[in-house]
Amino acid sequence: MKSYQQIISGNKRTDRTFVVIGLLVLLIAMLTLVALILDLAIQGLPRLDWDFMTNFPSRRAARAGIMSAWVGTTLVMIVTAALAIPLGVAAGVYLEEYAPKNWITDIIEINVTNLAGVPSIIYGLLALGLFVYGLGLGQTIQVAGLVLALLILPIVIVSTREGIRSLPQSMREGSYALGADQWQTTVRYILPSARPAILTGSIMGLSRAIGETAPVITIGALTFIAFLPPSPVQESVPFINFDWLESPFSLLPIQMFNWISRPQADFHVNAAAAGVVLLAMTLLMNSFAIYIRYRLRKVL
Amino acid sequence: MKDLDLSALIEARDGQKPETEPTLRANVDQLNFWYGDFQALKNINLPIHDKKVTALIGASGCGKSTLLRCFNRMHDLYHNNRYEGAITLYPEGDNIVGAKTDPMLIRLRVGMVFQKPNPFPKSIYENVAAGLRIRGINKRTILDDKVEAALTGAALWDEVKDRLNEGAYSLSGGQQQRLCIARALAPEPELLLLDEPTSALDPIATAKVEDLIEKLADNITILIVTHNMQQAARISDHVGYMHLGEMVEFDLASRIFVKPSKEQTRAYVTGRFG
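Going down the list, the protein sequences come from chains A and B. So in this note's numbering the end of the first sequence lands on 314, straight run, no missing numbers. So in this note's numbering the end of the second sequence lands on 275, straight run, no missing numbers.
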């Protein structure tokens, strides 16, 4: 029979082995990511300057810029967020709080989860047939926002549901015991408490959407566009307008894809620089979410 | 040994409280309750005296919490639960568990405090104001008064008056439970249900909540479920002893703990059973 001492040292050895293996695996993943980002930064950073940000695309690599691309990406993300977050949260709340527990709900649930796994090009084809030709919305910012919103809707729905499901039942009972109805309980206590999870899901979705290329190519994003969409603010009443929704557009990933497929090396540098900007925008979005989560936690 | 303790407690307390005309706040009549196919309550009869503390005691799973949760229709939140019989709420004489009775209306009239403190993730002030806001009261001056009154009533005002806008989770467990009591008190319920309100609290916090319950009983009818026999003896006027979904015995606390009429009750309150 083994002594306790032997058993303990055996267990400790297993623990140590696992720690080493875990670290190794983690390092492989992290180092790959760091190498990718470093490579992009070393290539792209020197090219980044004010002109690069404010110039439109050009046939000459040295004069080309990403003005229309980053403005397009920003505007499309605004449309995507404005559509996907309210729709996704509403659907998540309905499925978790209101929907009767029967086989129809089960089928909807399974389908929502499956939708998250549908290749994005399929969404592109759907949008091309339905929005661009069927509804005649054209190859515009609104269609890009719509298709990306559809793409990330399952992510928002699922994270909303998970957030709601993790709330203690005692909170619901507390609210109902005070005489609240379902709507009051949902709006006053459930949604505010699920906000961090909803926020995380929304940002995860938007981070995926911002880098999507396939569906927006399918609906006809432009790679050479030398003007900006109409400004959303104007000097006369009502001071805002939505004409920009119907403007043609370019996006950062599209611009990168176009540049990288050219033979000249100078354009490849441009693509790397655009990649750095894209990464920066994603990080900016994420840090904004972290900031809001931090603020919310302080309030509680 | 335990016998003696309990009767001493009863004597110490009954000396201070004069007996008054008994009026009923509620009456349980032939109540049956099913969780799906499982009958959890069998032919329960129980009077709830006005402005008294009625305690429900019994072993785990005896149905005492189930009975308590019938009083505010909490069971309606889950599927396949079924009531039969009546709980009459006086003076109007409405049947709480009647099929035509709106559970929401009952919950607006009957307050509840849960086993574990369950404050909302909001400020202390908003927690107490929650029930009032649900009732459409949003005027700041009225809310201020009622929040202060409820917190004073729950013996918490002095501890929190300078930090009303801080989060409720910043309070200790005992304070959170008194906050939940304040939340239930603010809308001035006709009946207050307490579901083992001190089981998650330490002895000092428990003592505070017990003092509070005794004080509250001057103005409000209380139905409390408790695991703790000493607690029932300390604070209750009437006691119902339940076993396997049935009400074995209901009587004045002084009789249940000193001279119960059934052997089963005696075995339980003296700690020889359950």
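By construction, these hints were calculated from the structure, which means they are not laboratory data. Keep in mind the model is a prediction, meaning the values are calculated, not measured. Quick reminder that beta carbons are idealized off the backbone N, C-alpha and C, glycines included. Be careful, since some hints might not be right.
[To be verified] Partial chain B-side listing against chain A, Cβ under 7 Å, derived:
1. L25
2. M113
3. N119
4. A131
5. A268
6. G272
**OP:** Could you tell me which of the hints above the structure violates, numbers in ascending order?
**Re:** 1, 5 and 6
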